[in-house]
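S.K.: Start from the sequences and build out the full structure, keeping to the hints where you can.
For reference, the chains in residue letters:
Number of protein chains: 2
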Amino acid sequence: MKNPIKVSNAVIKRLPKYRRYLEELKKKGVDRISSGELSKMIGYTASQIRQDLNNFGGFGQQGYGYNVESLHRQIGVILGVDRDYGIVIVGSGNLGQAIANYMHNYGTGFSVLAMFDVKPELVGRRVNSLAISDFDELGVYLAENFVDIGVITTGAESAQRAADDLVKGGVKGIWNFAPVDLQTPSLVALENVHLSDSLHSLIYYINRTDNLQ
Amino acid sequence: MKNPIKVSNAVIKRLPKYRRYLEELKKKGVDRISSGELSKMIGYTASQIRQDLNNFGGFGQQGYGYNVESLHRQIGVILGVDRDYGIVIVGSGNLGQAIANYMHNYGTGFSVLAMFDVKPELVGRRVNSLAISDFDELGVYLAENFVDIGVITTGAESAQRAADDLVKGGVKGIWNFAPVDLQTPSLVALENVHLSDSLHSLIYYINRTDNLQ
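Those protein sequences? They're chains A and B, same order as listed. Going left to right, the first sequence walks through residues 2 to 214 as my numbering numbers them. Going left to right, the second sequence walks through residues 2 to 214 as my numbering numbers them.
It is possible that some hints are incorrect.
Each pair may be met inside one copy or between any two copies, as identical chains are not told apart.
Simulated pairs of lysine to any residue, SDA-like, Cα-Cα distance not exceeding 20 Å [unchecked claim]:
#1 K18 x G44
#2 K18 x N56
#3 K41 x R209
#4 K120 x N95
#5 K18 x D182
#6 K28 x E38
#7 K14 x S199
#8 K169 x L131
#9 K41 x L123
#10 K18 x Q161
#11 K120 x S36
#12 K14 x L196
#13 K28 x S197
#14 K169 x Y206
#15 K29 x R74
#16 K29 x P180
#17 K28 x S159
#18 K169 x E158
#19 K28 x G156
#20 K14 x N193
#21 K18 x N193
#22 K18 x S40
#23 K27 x N129
#24 K18 x M104
#25 K29 x E70
#26 K27 x N106
#27 K14 x D32
#28 K14 x D198
#29 K18 x E192
#30 K120 x D137
Simulated from the structure, these hints should not be mistaken for laboratory data.
M.R.: Below is the structure:
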C-alpha cells in the first residue's frame with residue numbers, strides 16, 4: 002500500500018471479523034451478499050456495515066450487494082494478510098506450542114521460523130519438526146535472520162527481556178500473551194492478548210447474570 | 002452482591018487491569034498509591050482513574066491516595082474473583098492444555114474439574130494428574146457435577162456443539178477460544194478470545210508502521 006488509507010482503530014478491529022465471515026461464505030460457495038444479510042450473520046447493523054466498508058472505497062453495488070470473493074480479498078490486502086510473515090515464538094511451553102500449531106494449521110501466510118525457551122528440559126524438543134532453541138540464542142538468531150513478528154508466550158518475569166531482544170533484533174510487531182504491559186517503541190506494533198483480563202471480565206458477567214436471575 | 006452496582010462495560014473491562022497492577026504493587030510491598038502514580042504505571046489519565054474507581058463508592062482519600070491492599074480486595078469482590086470457580090475444558094489439544102496449566106498455576110480461584118476431547122489419542126492422557134475424557138461424556142458429566150465455567154478450545158467445527166452441551170449442562174459462563182461466534186442464550190455469560198482477529202489487527206498495524214517509516 003503506497004497510500005495507506007486512514008481509518009479508525011474501531012473499524013480496523015472489526016475487519017478481521019468481516020473477513021472471517023466472508024471466508025465462511027466463500028467456503029459455502031456464496032458469490033454475493035447484501036449488507037442486510039451480512040448484518041444478520043455478524044450482528045452489526047446494515048448501515049454500520051456499509052459505513053465500515055465504504056471506508057475503503059465502496060466495494061458494494063446498489064441492488065447487487067458485495068462480491069464475496071472480491072471483498073474477502075480486498076480486506077485481506079488492507080489487513081496485509083496477502084503476503085507471508087516470518088515468526089519466532091519466545092516461550093515454548095503449552096501456550097507457545099499451541100500458537101506454533103495454530104500457525105502451522107493456519108495454512109499460508111505465517112511461518113514459524115524458530116522457537117525459544119529458558120527451560121533446559123524444553124530446549125531441543127521438536128514442535129512440528131522445529132527444534133526449540135535456548136532463550137539466550139534469541140539475540141544472535143534475530144541478528145542473522147529476518148523476522149517480522151515475535152510472539153511472547155513466556156511467563157511475566159521474562160516477557161520484557163524477550164520484548165527488548167525482539168525490538169533490538171528488528172521485528173516489526175509483537176504479539177504478547179504474557180500478563181504484563183510491555184514497554185516498546187511506537188514503531189513496533191504491539192498487540193496484547195491478556196488472558197487474565199478476559200477471564201476476569203467473564204467472572205464479572207457471570208456474577209451479574211446470577212443477580213438477574 | 003445483593004445490590005449489583007451498575008457500571009459501564011468500558012469500566013468493567015478496565016478493572017482487571019487495575020487489579021493486575023495492584024497485585025504487582027502488593028507483591029512489592031507498596032501500601033498506598035495516588036491516582037497520579039497509578040496513572041504513570043497504567044497509562045490512563047489520573048482523572049480517568051479517579052472517575053473509574055469512584056463508580057464503586059470512592060475508595061480513595063484526598064491527600065492519602067488508595068490503600069493498595071484494600072482496593073485490590075474490593076476490585077476482586079466486584080469482579081467476583083473472591084470465590085472458587087469450577088471449570089471444564091472442552092478441547093484438550095495444546096491450547097486446552099495451556100489453559101489447564103494456566104488455571105493450575107493461577108493458584109486459588111479456579112479449579113479445572115474435567116477435560117474433554119474428541120480425539121481418541123488424547124482421551125486418557127493426564128494433564129496435571131487429570132485424565133482427559135471423551136467429548137461424548139460431556140453431557141453426562143455436566144448433569145452430574147456442578148460446573149461454573151466451560152472453556153471451549155476445540156476447533157471451529159466442534160465449538161457450537163460444545164457450547165450447546167455446556168448451556169444444556171447449566172454452566173454460567175463460556176470462555177471461547179474457537180474462531181466462531183457462538184449462539185448462546187443471554188443468561189449465559191460469553192467471553193470470546195478470537196486469536197485470528199487479534200493476529201490480523203497486529204498485521205494491519207505492522208503494515209501501517211512500515212508506511213510511516
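S.K.: Output the numbers, in ascending order, of every earlier hint that fails for this structure.
M.R.: Per hint list: 3, 8, 9, 11, 23, 27 violated.
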